[in-house]
Structure formats: C-alpha cells, structure tokens
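Letter by letter, the chains look like this.
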Amino acid sequence: AQSVTQLDSQVPVFEEAPVELRCNYSSSVSVYLFWYVQYPNQGLQLLLKYLSGSTLVESINGFEAEFNKSQTSFHLRKPSVHISDTAEYFCAVSHASGGSYIPTFGRGTSLIVHP
Amino acid sequence: DAGVIQSPRHEVTEMGQEVTLRCKPISGHNSLFWYRQTMMRGLELLIYFNNNVPIDDSGMPEDRFSAKMPNASFSTLKIQPSEPRDSAVYFCASRPQGGSGYTFGSGTRLTVV
Chain A
1 AQSVTQLDSQ VPVFEEAPVE LRCNYSSSVS VYLFWYVQYP NQGLQLLLKY
51 LSGSTLVESI NGFEAEFNKS QTSFHLRKPS VHISDTAEYF CAVSHASGGS
101 YIPTFGRGTS LIVHP
Chain B
116 DAGVIQSPRH EVTEMGQEVT LRCKPISGHN SLFWYRQTMM RGLELLIYFN
166 NNVPIDDSGM PEDRFSAKMP NASFSTLKIQ PSEPRDSAVY FCASRPQGGS
216 GYTFGSGTRL TVV
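Quick mapping for you: the protein sequence lines, in order, are chains A and B. To convert, note that position 9 of the first sequence is 9 in the working numbering; the numbers rise steadily by one, no gaps. For any residue, its number in the working numbering is found by taking its place in the second sequence, counting from 1, and adding 115.
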C-alpha cells in the first residue's frame, strides 16, 4: 500500500516570499509523484509530475518539485509567490508499474498568500 | 476541448430523495473516476471505469451509491436514498490510455438537508 503525508494543512506567506509545501510518501515499490492545485470552486489541476529521469521537475508558472528517494519526499517550492497562487495543493503518489496508476492523494495544503 | 463536464454544479436535496450526478469525460479518454471531497476525509476515490467497465468500486461507501457508464462519453453517480452525511463535493476525472495524470471536472457540490 502507498500513502502520502502533507505535513502542513495551511501555509500563510506574504507575496513575493519563497514557499515550500512539504510532501512525504511511503511505498514498497517504485512510484510516480504528482502535485495538483485546486483553486476555489474548481476541480484539481495537474501542476507537475515526476515519472522518471531528472529528479527536479518544473511547472509553467514557476513551481518546482524535487524527488528525493532517500528521504521519500517530493516537496513543492516557489521562489516568489503571487496572490494568485492562493489555492489548495495536493500531493499524490501512484505505483510506477501495473498499469493502473491510481494515485493516493494527500489531505492537501492550503497556501494563503497575503499582500 | 471543453474538459471534463459535470452537472449540476450545485444540488440541494432533501434527505431520502434520489440524487443523480452526471459526468462527460474528455473525448478519447478511456478511464473515468468518481471522487468525493469532504473536510473530514479529504479526497476519496469512489469508483473507476476502464473502457466503460467498472474496475474497482471498493470506495463506494454503501449500497445507496451506484455508478454507471453506459458509453464512453457519459457516466452517472446515483445516491438513493440520500442522507445528510452524503453532503460533499463530488468530482469526476478522466485519463487517456496509458496516461498518468487526471483531468478533473469542476465538481458537483451536493447538500442534503
């Protein structure tokens, strides 16, 4: 079985400050890792994913996450946040084999960006 | 593409009534998923389909819940009879063959009073 822990339920930051949203997972097999973002009253949107290759993955809006196998982590970072980044962020993990790729989602971290 | 389309966006119903939630996946996606989101439990997978066939419904909470996918472009999630504890946001998501990431709909916010 796989599981995901998002260590912070809420992260308040000021605009233009850096932010890190933490995600740790547990799995006995190789994994794929994902970050999704949910804006108010909307569905989840895929932000970025790690499948293989470079352990550092980036999104088009300045977020990045690094797969750290030894620490079983996939923390999400952004060097300078905007008000518009205020949203709920979900980390997810799925097995990297078997074909079903059904992810397990974390409980989410609410990023609140203050002006 | 219009994305995954869910209807209705909001539903308020009285306890005991039947509720039907609808989903149209992205054309060409062959996997469809129903999730429920609540503050208490977070995001829960209820059921998923591959090529219109239900693969895993172990997340369906009770026999009051049922889901169908009569064709590749339409799925329903039905609750009969509904109860106040069913109040949640229900999401539908779809994924292409061999794909790893989901596309979610905007959800249906269900309130059972």
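Check the hints yourself; a few may be wrong.
Below, a sample of chain A positions facing chain B; criterion: calculated Cβ distance under 10 angstroms [what the hints assert, rightly or not]:
#1 Val13
#2 Phe14
#3 Val29
#4 Gln45
#5 Lys49
#6 Gly62
#7 Pro79
#8 His82
#9 Ile83
#10 Thr86
#11 Phe90
#12 Ala92
#13 Tyr101
#14 Phe105
Read the hints as simulated data drawn from the structure, not as lab findings. For glycine and all other residues, C-beta sits at the position ideal for the given N, C-alpha and C.
Here is how each hint holds up against the structure:
1. Val13: violated (22 angstroms)
2. Phe14: With a closest approach of 26 angstroms, the Phe14 (chain A) hint is violated.
3. Val29: violated (15 angstroms)
4. Gln45: Status holds, d = 7 angstroms.
5. Lys49: holds (6 angstroms)
6. Gly62: violated (19 angstroms)
7. Pro79: violated (24 angstroms)
8. His82: violated (23 angstroms)
9. Ile83: Constraint on Ile83 (chain A) not satisfied, violated at 22 angstroms.
10. Thr86: Since the shortest Cβ distance to chain B is 18 angstroms, the answer is violated.
11. Phe90: Holds: closest Cβ of chain B sits about 7 angstroms from Phe90 (chain A), inside 10 angstroms.
12. Ala92: This interface hint holds because 9 angstroms falls under the 10 angstroms limit.
13. Tyr101: holds (5 angstroms)
14. Phe105: holds (4 angstroms)
Figure legend: structure checked against the earlier numbered hints; hints not met, in rising order: 1, 2, 3, 6, 7, 8, 9, 10.
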